[in-house]
Amino acid sequence: MREANPEVERLGARVVAVGTGAAYQAQHLMDTGMPFPCLVDADARLYTALGIGRLEWHEWLKPGVWRNYWRALRRGSRPGQVTGDPRRLSGVALIDPERNVRWVHRSQVPGDYPPIDAVLDVLRQTTGASDPRD
Amino acid sequence: MTHARLPDIDLQTADGASIELGAFLDRTLIVIAVRYYG
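Chains as they are written, first to last, in this note's numbering: chain E, 1 to 134; chain Z, 1 to 38.
The hints are simulated quantities; they were obtained by calculation from the structure and are not laboratory data. Quick reminder that beta carbons are idealized off the backbone N, C-alpha and C, glycines included. Careful: at least some of the hints might be erroneous.
Some chain E residues near chain Z, calculated using beta-carbon distances under 7 Å [unchecked claim]:
(1) R14
(2) V15
(3) V16
(4) V18
(5) G19
(6) G21
(7) A23
(8) Q25
(9) M30
(10) P35
(11) L39
(12) Y47
(13) G91
(14) V92
(15) I95
(16) N100
If you want the ones that stay clear, here's a sample from chain E, every Cβ over 12 Å from chain Z, calculated [to be verified]:
(17) E56
(18) E59
(19) L61
(20) P63
(21) G64
(22) W66
(23) R67
(24) W70
Can you make the complete structure from the sequences, with help from the hints?
Structure representation (structure tokens):
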């Protein structure tokens, strides 16, 4: 998403990251180049409001869980200390200034994020902007 | 498609300060809910 941040800003929007982990981890992300605020939702109130759930224990057996971990490892990602809720799933949401949730992607397994282009398409539909590639 | 209207929600900044979600809603907001590692 960091690569798409200039386009997000061109469309008049902004990005924040939210995690249930520790504040020092959010600070580390920002210190290492994340170009938007990284926030902490320790009690998962925003996650709950967005309907982003938790991975049930038996769901660790889903092939997609291990496929995404393997893909992340191949990209060079090395998970460090897990803080917060390790079973909390991820997601992406688009919220308008009136606080309406206009779109939300709720992951089914860890690492299940929508393609950036899909997020930008929804943002363009919401803001009425055109795709610069058109 | 509009799913729901959010209440204001208290979050925490990376330096430990409290901040409300509404502080970022002067424009359309993309929230990426992630796992923090490291």
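- Of the hints given before, which are not true for this structure? 10
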